[in-house]
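J.: Sequence:
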Amino acid sequence: VIAIGVPSNDDAGVQVGYCRVYEYSGTDWVQRGQDIKGDESKDNFGETVALSNNGDFVIIGADQLANGNKFGYARIYYYTPVPPLNNNNNNNNTNTWVQVGQDLLGEAMGDDFGESVSISGDGSRIAVGAPHHDGNGNGAG
Numbered sequence: 001v002i003a004i005g006v007p008s009n010d011d012a013g014v015q016v017g018y019c020r021v022y023e024y025s026g027t028d029w030v031q032r033g034q035d036i037k038g039d040e041s042k043d044n045f046g047e048t049v050a051l052s053n054n055g056d057f058v059i060i061g062a063d064q065l066a067n068g069n070k071f072g073y074a075r076i077y078y079y080t081p082v083p084p085l086n087n088n089n090n091n092n093n094t095n096t097w098v099q100v101g102q103d104l105l106g107e108a109m110g111d112d113f114g115e116s117v118s119i120s121g122d123g124s125r126i127a128v129g130a131p132h133h134d135g136n137g138n139g140a141g
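Position 118 (the sequence shown) corresponds to 118 in this note's numbering; numbering is contiguous.
Any given hint could turn out to be false.
As the list claims (entries may be wrong) - Pairwise CB distance ranges (calculated):
| # | residue 1 | residue 2 | range |
| --- | --- | --- | --- |
| 1 | 10 | 131 | 31 to 39 Å |
| 2 | 53 | 11 | 16 to 24 Å |
| 3 | 120 | 27 | 24 to 32 Å |
| 4 | 108 | 28 | 22 to 30 Å |
| 5 | 82 | 8 | 42 to 50 Å |
| 6 | 26 | 103 | 17 to 25 Å |
| 7 | 110 | 54 | 14 to 22 Å |
| 8 | 14 | 55 | 25 to 33 Å |
| 9 | 80 | 2 | 13 to 21 Å |
Please keep in mind that the hints were generated in silico from the structure rather than gathered at the bench.
For glycine and all other residues, C-beta sits at the position ideal for the given N, C-alpha and C.
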């Protein structure tokens with residue numbers, strides 16, 4: 001299972017960004033669930049991504065927020081597979097990514113919170129970097 005962030009994607013607005021997760025089927029890479037999209041222009045959602053060992057949890061960082069003010073944020077998602085329906089229309093399968101908890105937000109303009117993200121193997125712990133946070137001095141991180 002791999003996750004790919006596309007922070008500069010403009011499909012939903014200027015640099016809104018998104019993340020896609022793929023799983024290897026044995027012969028092909030198949031997208032797992034839907035695109036996971038950011039919300040606002042210049043968020044750079046997908047700037048950083050990390051997966052749990054089994055690929056069921058993904059954390060996605062966006063080092064901007066609300067038109068590039070660099071507060072930044074991160075979101076955690078859980079993959080919820082839905083069994084195929086008992087009909088011939090495969091378009092009704094709704095495997096999806098569901099957000100876990102609230103958005104994790106940077107504290108101040110310029111923090112770049114979400115510029116780095118990490119998640120534990122079982123998905124129970126996360127870390128989010130804010131390299132320009134000034135809480136312990138200018139640009140201390």
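J.: Confirm or reject each hint.
T.: Verification of the supplied hints:
1. Distance hint check: the CB atoms of residue 10 and residue 131 are about 25 Å apart, inconsistent with the given range 31 to 39 Å.
2. Between residue 53 and residue 11 the beta carbon distance is about 30 Å. The supplied range of 16 to 24 Å is therefore violated.
3. Taking the beta carbon of each, residue 120 and residue 27 are about 31 Å apart, inside 24 to 32 Å as hinted.
4. Remark: the range hint 22 to 30 Å for residue 108 to residue 28 is contradicted by a beta-carbon distance near 44 Å.
5. Range check, residue 82 to residue 8: Cβ separation about 31 Å, and the 42 to 50 Å hint is violated.
6. A beta carbon spacing of about 36 Å between residue 26 and residue 103 contradicts the range 17 to 25 Å that was offered as a hint.
7. Range check, residue 110 to residue 54: Cβ separation about 36 Å, and the 14 to 22 Å hint is violated.
8. At roughly 30 Å, the beta-carbon separation of residue 14 and residue 55 lies within the given 25 to 33 Å, and the hint holds.
9. A beta carbon spacing of about 19 Å between residue 80 and residue 2 agrees with the range 13 to 21 Å that was offered as a hint.
When held up to the earlier numbered hints, the structure conflicts with 1, 2, 4, 5, 6, 7 and fits the remainder.
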